[in-house]
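Those protein sequences? They're chains A and B, same order as listed. Residues in the first sequence are numbered consecutively from 1, following this note's numbering. Residues in the second sequence are numbered consecutively from 1001, following this note's numbering.
Honestly, the hints are just simulated from the structure, not real lab data. C-beta atoms are modelled at their ideal positions from N, C-alpha and C, and glycine is treated no differently. Hints are supplied without guarantee of correctness; some may be wrong.
[To be verified] A partial selection of chain B residues facing chain A, derived with a Cβ cut-off under 8 Å: (1) Ile1047; (2) Lys1050; (3) Glu1057.
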Amino acid sequence: MDRRDFLKASLFYAALFTFGRGPARAEAVPIPGKDPRMIVHSPRFAVMETPLELLRKYEITPKEILFTRNHFPIVGPNSFMATLSPIIDDSWSVRVTGLVERPGKITVGELKKMDMVEITCVLQCSGNGRAFYAKKAKTPGTQWKYGGMGNVRWKGVRLSDVLDYLSVKPSRFVRFITADGKDRPLIRRGPDFVHSVPFHDAVRRAILAVEMNGEPIPAVHGGPVRLVIPGYYGTMNIKWLTEICLTHVETPSKFQQKAYRVPLFPVKPGELSPRQFTPKNSRPNWRMRTKSVIFFPREFDRVKSGNVKVRGVAFNDGTVPIREVYVSADRGNSWLRAKIVKDYGPYGWYFWEADLRLRKGKVELLSRAIDDWGRGQPLDGTSRWNPKGYEWNGVDRVELEVV
Amino acid sequence: MGAAVLILFLFSAVSAGELPQGKGKCLVERKCQACHGLKNLIESKGISRKEWEDVVEEMKDYGLEVTEKEEKEIVDYLSKYLGPEKERAGSSNPR
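Only chain A is shown next, with the shape it has when bound in the complex (with noise of 0.2 Å):
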C-alpha cells in the first residue's frame, strides 16, 4: 500500500469512524453504491443486510441491495473489495495445486474464453436467521433475519472443464477442495479465510464464475472470479478466488474448524462450546436446509380482512427440487397448499402464492417447506439450536393485526 492509498484509506476509516457512533444516526453505508437502507452491522467489515420490504421487490436480487459478508476489515490489503464496480483483470489468475499429477493455472481471460453455464441461485449467509434463535437463548454473531440472502445469476466455467482443460489429474486421494481468495487477515497471526467443501460434490456443482446478474462481478461480491456452489451456504463460496488446492482432508483454519459449523446432534445452551467443535462431533455449513419465507404480508404490511394473496419463496440445497408449500393461518392445525408459481431451476428461489380468507383482528401466518426428499422445516426452528446461530430454517411465522 503506497502513501496515498493508506491516506485514503486512513480518511475513510475516519469517517466510517464518525458514522459509526453518531446517536440514532443513520449509518453510512460502507460501500459506495449500495441502497441507503441497507442495515449495517458491521462498518469495519462491510456486513450488510438487506431489509425484507426491499428483498420481496426483486425476483432477482439487484447489486445494489444484495447483503455483504466479510471477515476482514475493508481497509490496507483489502481494501480492493470496498466497491461495487468491478475488478477488470484478465491476467487474474486461480492456481489449481495439491494432490495432482500437474498443478495448474488459469486466468480470467482464459476463463471468459471457454464455454459457460448460467445458474441461478440462492445465495445466503450460513448466519441468517440467528436471531431467530434468541427466542431459546442469543447466539454470538451478527443477528441475521431474513436479509442476508438473495437469489443471484451467476455465469461461469463448470470446475469439472477447469481440471480438464489444465489436465491437472487428481489423485483418487482427493476427498476435498480448498479453496482460497485474495482477501487476508490485517494480524500476522491471524488465520486466512479457507474452506473446504466434499470434492465429489463440489465438481458436479460448482463454476468459477466471472458475472452477476449479467454483469462483471462486482469487487465486494466476490470478482472478478468467484467459486460458486450452488446449494452450499454463502460462506463456501469464496470470493476473490486465487488457488483451489485439491486434499486429502479439510483445512486446520479456524473459519473450518471452530467456527462455521454446527453439532451433529441436538445440544442445549451451555453444553458444547465452539471450542470443542472437532470433525466427529459437527459438521461444516455445507448444504442448505430446506426453508421458506412468507414476503407478503408482513408485520409492517395493512391487510384488510377478506381475500388476502399470500405469497414468498421457498429453496432447499438443490439436490431434489422443491415439492409443495403450505401455508397456515391457524397456528398450524390447519395447512393449506400452496401453489408454486415460478422457479429459477433447482438451486434459485420457488415463488409461492395461496388464497387465503382473513378475519380481522390477530392472526399468525406460518409457511412450511417440503421437497422430494420430504426435507422440511421444523415447526419450532430453536430446536435446531445450535452455539453459534447457524442454518436457522424453522417454519417462517408473521403475526398480523388485520383491519
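Fit chain B to the given chain A structure using the hints.
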C-alpha cells in the same frame, strides 16, 4: 422505577454504539477494536458468560493477544455489561 430508568439509560447507551461505563471498558476498547468495531460486540449483547468466554477464545484464534489477567477482566466486563438482560440488571426487561 429508578432501576427502570437506569436500564433504559444502559439500553440507549448501548444502542448508540458506545459501551456502557464500567470496570474493564478501556481494556475492551483497546483490545477489541484492532480488527473490527465495537458494533460487533454490541450486536452480541445478551449472551451468557460462558459464551463470552468462547468468543474471546475465538478472537485469540484470530490473533487477539491478551494476558490471562486481561482476558479475565475483559470477560468480567462483557458478561456484566453485555450479558443476558436478567443478569445485567435484575429481572425486569427493558422493552
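Quick rundown of the hints versus the structure:
no.: 1; hint: Ile1047; verdict: holds (5 Å)
no.: 2; hint: Lys1050; verdict: holds (6 Å)
no.: 3; hint: Glu1057; verdict: holds (6 Å)
Checked against the numbered hints given earlier, this structure breaks none of them.
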